[in-house]
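Q: So the chains spell out like this:
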Amino acid sequence: MNEKILKIKNLTIALPKNADRQFAVEDANLDVFKGEILFIVGESGSGKSVMTSAILNDIPKGLSVTSGSVIFNEKDILKLSQKELNKLRGANISMIYQEPMAALNPSIRVGKQVDEVYALHRPEINAEDRKSETLKLFEQMKLPNPERIYSSYAHQVSGGQCQRIVIAMALACNPDILIADEPTTALDVTTQAEILRLISDLKEIYKNTIIFITHDFGVVADIADRVVVMCQGKIIEKGLKKEILMKPKEPYTKLLVDAMPLLETTRLPDQKRTDSPSVEVKSLHKIYRTRSNQVHAVNDASFVLRNGETLGVVGESGSGKSTLAKTLIRLEEPTSGSVKIRDENFLSLSGKDLISSRKKIQMIFQDPFGSLNPSQTVGFMLTRGLELQGVEPDEARKKAFELLQQVGLGEQAFRRKPQNFSGGQRQRIGIARALSMGPDVVLADECVSALDLSVQKQVLLLLNKLQKTYNMAIIFITHDLRVAAQVSDYIAVMEKGIIVEFGTAYNVFNKPKHNYTKMLLEAAPGKDWHPPRLDPEEAAKIAKSLETIN
Amino acid sequence: MESIGGFEIWLIFFTRFIPVWICLAIFYFCLFYWRKKLGLMGRLCDSPIGLIGLFIVLFWIFGAILADWVAIFDAYEQSGMYRRKPPGTINEKVGLPYIFGTDTLGRDLFSRMIYGSQIVLLIAPAATIVAYVVGISLGLPAGYIGGRYDTVLSFLANLVLAFPVILLFYLLVAPGVRETILPNIMAGIFFIFPIIFALMVIYSSFSERQNVLILSTFFILVIGAWLYSGLVFNADPLGIVAIDPNELNIFAAVVFTTSPGVFRIVRGLTMDIKTRDYVAAAVTRGEGPFFVMIWEILPNARGPLIVDSCLRIGYVTILLGTLGFFGLGMEPESPDWGSMINQTRSYIRLVPTIVLPATLALASFVLGLNLLADGLREQSLKD
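For the protein sequence lines, the chains are V and G, in the order given. Residue 1 is where the first sequence starts when you use my numbering, and the numbers rise one by one after that. Residue 1001 is where the second sequence starts when you use my numbering, and the numbers rise one by one after that.
Quick caveat, the hints were computed from the structure, so don't treat them as lab data. Mixed in with the good hints, there may be bad ones.
As the list claims (entries may be wrong) - Subject to a maximum C-alpha distance of 25 Å in a straight line, what follows is the list of computed BS3-like cross-link-like pairs (lysine-lysine):
| hint | chain 1 | residue 1 | chain 2 | residue 2 |
| --- | --- | --- | --- | --- |
| 1 | V | LYS4 | V | LYS254 |
| 2 | G | LYS1036 | V | LYS360 |
| 3 | V | LYS249 | V | LYS207 |
| 4 | V | LYS242 | V | LYS360 |
| 5 | V | LYS518 | V | LYS541 |
| 6 | V | LYS359 | V | LYS272 |
| 7 | V | LYS417 | G | LYS1036 |
| 8 | V | LYS417 | G | LYS1274 |
| 9 | V | LYS544 | V | LYS527 |
| 10 | V | LYS241 | V | LYS282 |
| 11 | V | LYS359 | V | LYS282 |
| 12 | V | LYS7 | V | LYS75 |
| 13 | V | LYS417 | V | LYS359 |
| 14 | G | LYS1382 | V | LYS359 |
| 15 | G | LYS1382 | V | LYS61 |
| 16 | V | LYS247 | V | LYS234 |
| 17 | V | LYS272 | V | LYS4 |
| 18 | V | LYS241 | V | LYS4 |
| 19 | V | LYS9 | V | LYS112 |
| 20 | V | LYS465 | G | LYS1382 |
| 21 | V | LYS75 | V | LYS136 |
| 22 | V | LYS142 | V | LYS518 |
| 23 | V | LYS513 | V | LYS465 |
| 24 | V | LYS352 | G | LYS1036 |
| 25 | V | LYS34 | V | LYS61 |
| 26 | V | LYS7 | V | LYS131 |
| 27 | V | LYS340 | V | LYS7 |
| 28 | G | LYS1037 | V | LYS254 |
| 29 | V | LYS75 | V | LYS17 |
| 30 | V | LYS272 | V | LYS9 |
| 31 | G | LYS1382 | V | LYS417 |
| 32 | V | LYS17 | G | LYS1274 |
| 33 | V | LYS326 | G | LYS1274 |
| 34 | V | LYS527 | V | LYS513 |
| 35 | G | LYS1037 | V | LYS417 |
| 36 | V | LYS242 | V | LYS527 |
On a predicted model such as this, the values are computed, not experimentally measured, just so you know.
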């Protein structure tokens, strides 16, 4: 375990001139040991992907190495010729990408694509044997029915199977080092758990070294040996998994670990309330029909939610949780069922009545970059809704300023356009926009899943605070059980359009009844890890000291 | 017969254009001075290709505006003594040179090229703008609402696009057709769209303020009716707005063949943009469909539309050239570039340079527009 296989020495990579900082990677020193699973962790823009791209000498255009070396087999990879590089890539070092669908050529059968790797790097295998080698590999990847998969195209297999095929391609020549750039981020939790298990099983067989890039500490907890934490292009801290996850030394790492939501909840809603519910959904159905088949996207959804309460809707992609949100807010018309908001039947409204009742239910969207109109000012977004309801412009302005203050953006944000704000700030604007209407119910559709961990924590805290101020009911849709555990009073677990389990968050997390819920909890990355908590005051102190450094 | 050499020809060419160079210099100075404040136009300064394209386009625009200072002779003045003369021949009577030579009736090719640009540069952008208004007014609802409305309109658009353009022109602009009421009907249909579009904008902006809405609707209808009566029926009660029946006919034909393309682009962009979350946010706060189309979708489609409009003015310029070449719609004497090419093409063997002025003018203007579009596309992608 002590043999060094790869050495990164004083690596500095410069960003283009007009970028927000000078270096993508700054003076990075890193030794990779043979046979280990090394994790590189960091938030978006920390330089983790750029640093690993240097290992394959495949640095993105516009960036340039200003100093340093990457030593592999006693040679500096950054100084190799194109021919030597081609030999190295695939045979000695190979790569798994984030989007399995995009990594496969959609117009060539997937089996042929794996054959191609053999043809390129192991010419000693003749054409007839290539197929059997590929099939053997597919079997190792635990792909069902390898023969059928071999002659399928990428779009005919599932996302998880796609990623298995990409891993097969990467392993075809038994490389010394396997680089995995967020290989499970685009997958569902249960699929992610399987792929992670596969990767650690395969390591036992192939004995190769794995460099794994991720932003998710849960994955780190599951399979890492050693961890490197990056921030702003610099390596902040490195150490064994245990040290980093349980006793981080550097303040930045401490904060990052502290921002990881716990997979447990202490919130206990008052289940005996009898006041009139904010929203009451009864046997809601949504069926998409096409000529050849139909999809029951929401199947008999019913629940009741009162003001100040939060319902977390969890499930994997395709479980119908987003469709549930869209039908609740009537972006799509439900097939049947009823939705009562403050005792008014929202589904039977039409025309002017619908428009004036829309203010009662508002939505916070997932993508902070797509949910704000780039050609409007923030002020317009926040006042337009009120003015539509007949509020005087001056009053709407005052309300908008108040909201901007409440979501932690200054009044100067009023005149600016969305492109001047970061992802977290945009999400705050999105929240302010939803609240400007004074809704009874707020739908939050994966509203923190595009954000970095530390920003996510702040946004969740903000949402919590605003819920106390405005006392609205929140329906929080998420694929992340940890996030759901932090915000929810009740949890609805959805599978294939059906709410398979509904109960208080405490019961669902501690005494899950349905098998699917148990499976989801089992698959949650890092479920056995209890991240150490900082004292909130200490956390604030550290955050402040980091800010002054930056 | 006296003549001047190549160097002097180009010297006179450059000196004739001095007013244009001055305008260009002022324009470019302003562009660079205020580049930070000009948005997309200001960012064009970073694109050499776009600047070259803009230069060529502005050269022709200023040339057309300042034609009376640039041109040496009158566009229609004939001279029996100087027929089909090569470039550089001097008219001894007035002592002025025909720097690009003369055509078969002894008219100065250089001056005709300059005056011809007035016709081209007036009709092409105006027809493109009207085609855009038609395309946007029909394409936005087709993309946003979809359904049967979209099916019918898309079918009609495809029908027009599938028809050979030349054949359409022969059908729509032929001399026999001009005497019928058909051009007026077509113009009547197309010119109603700017009014509809203006009403859509007004309605979507002021739908919650009744007073402003009624006042501005009234205002638009009065102005619209006035322009409409002048342009379509040539019966402006004030006698200010008037259009030549020939030009109206060409105008209607060009709009008819161009607007389906615009319709399809706008429809496609709308279908893409309507899936964005900010559109959903507008719907959930209770906006009507007109507001969503005009204020949420259209401003975010402007990048591709500006680029396309540049290219499309180029296509329309070529269309006008085609019309002139076939002698459709234009007066027989007209100095527009298409007609000029047609009038001179039989004499290429006698005077090889005789077709060059109009041809190069047409080609350079279209090239300039294409380069400008490339530059704009490059810069608009940087957002």
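Q: Each hint: holds or not?
A: Hint-by-hint comparison with the structure:
no., hint, in the structure
1, LYS4/V <-> LYS254/V, "violated, 28 Å"
2, LYS1036/G <-> LYS360/V, "violated, 42 Å"
3, LYS249/V <-> LYS207/V, "violated, 31 Å"
4, LYS242/V <-> LYS360/V, "violated, 48 Å"
5, LYS518/V <-> LYS541/V, "violated, 38 Å"
6, LYS359/V <-> LYS272/V, "violated, 28 Å"
7, LYS417/V <-> LYS1036/G, "holds, 16 Å"
8, LYS417/V <-> LYS1274/G, "holds, 20 Å"
9, LYS544/V <-> LYS527/V, "violated, 30 Å"
10, LYS241/V <-> LYS282/V, "violated, 48 Å"
11, LYS359/V <-> LYS282/V, "holds, 21 Å"
12, LYS7/V <-> LYS75/V, "holds, 10 Å"
13, LYS417/V <-> LYS359/V, "holds, 24 Å"
14, LYS1382/G <-> LYS359/V, "violated, 36 Å"
15, LYS1382/G <-> LYS61/V, "holds, 16 Å"
16, LYS247/V <-> LYS234/V, "holds, 20 Å"
17, LYS272/V <-> LYS4/V, "violated, 62 Å"
18, LYS241/V <-> LYS4/V, "holds, 18 Å"
19, LYS9/V <-> LYS112/V, "violated, 38 Å"
20, LYS465/V <-> LYS1382/G, "violated, 38 Å"
21, LYS75/V <-> LYS136/V, "violated, 33 Å"
22, LYS142/V <-> LYS518/V, "holds, 23 Å"
23, LYS513/V <-> LYS465/V, "violated, 31 Å"
24, LYS352/V <-> LYS1036/G, "violated, 44 Å"
25, LYS34/V <-> LYS61/V, "violated, 30 Å"
26, LYS7/V <-> LYS131/V, "violated, 36 Å"
27, LYS340/V <-> LYS7/V, "violated, 63 Å"
28, LYS1037/G <-> LYS254/V, "violated, 44 Å"
29, LYS75/V <-> LYS17/V, "violated, 30 Å"
30, LYS272/V <-> LYS9/V, "violated, 63 Å"
31, LYS1382/G <-> LYS417/V, "holds, 16 Å"
32, LYS17/V <-> LYS1274/G, "violated, 36 Å"
33, LYS326/V <-> LYS1274/G, "holds, 15 Å"
34, LYS527/V <-> LYS513/V, "holds, 18 Å"
35, LYS1037/G <-> LYS417/V, "holds, 15 Å"
36, LYS242/V <-> LYS527/V, "holds, 15 Å"
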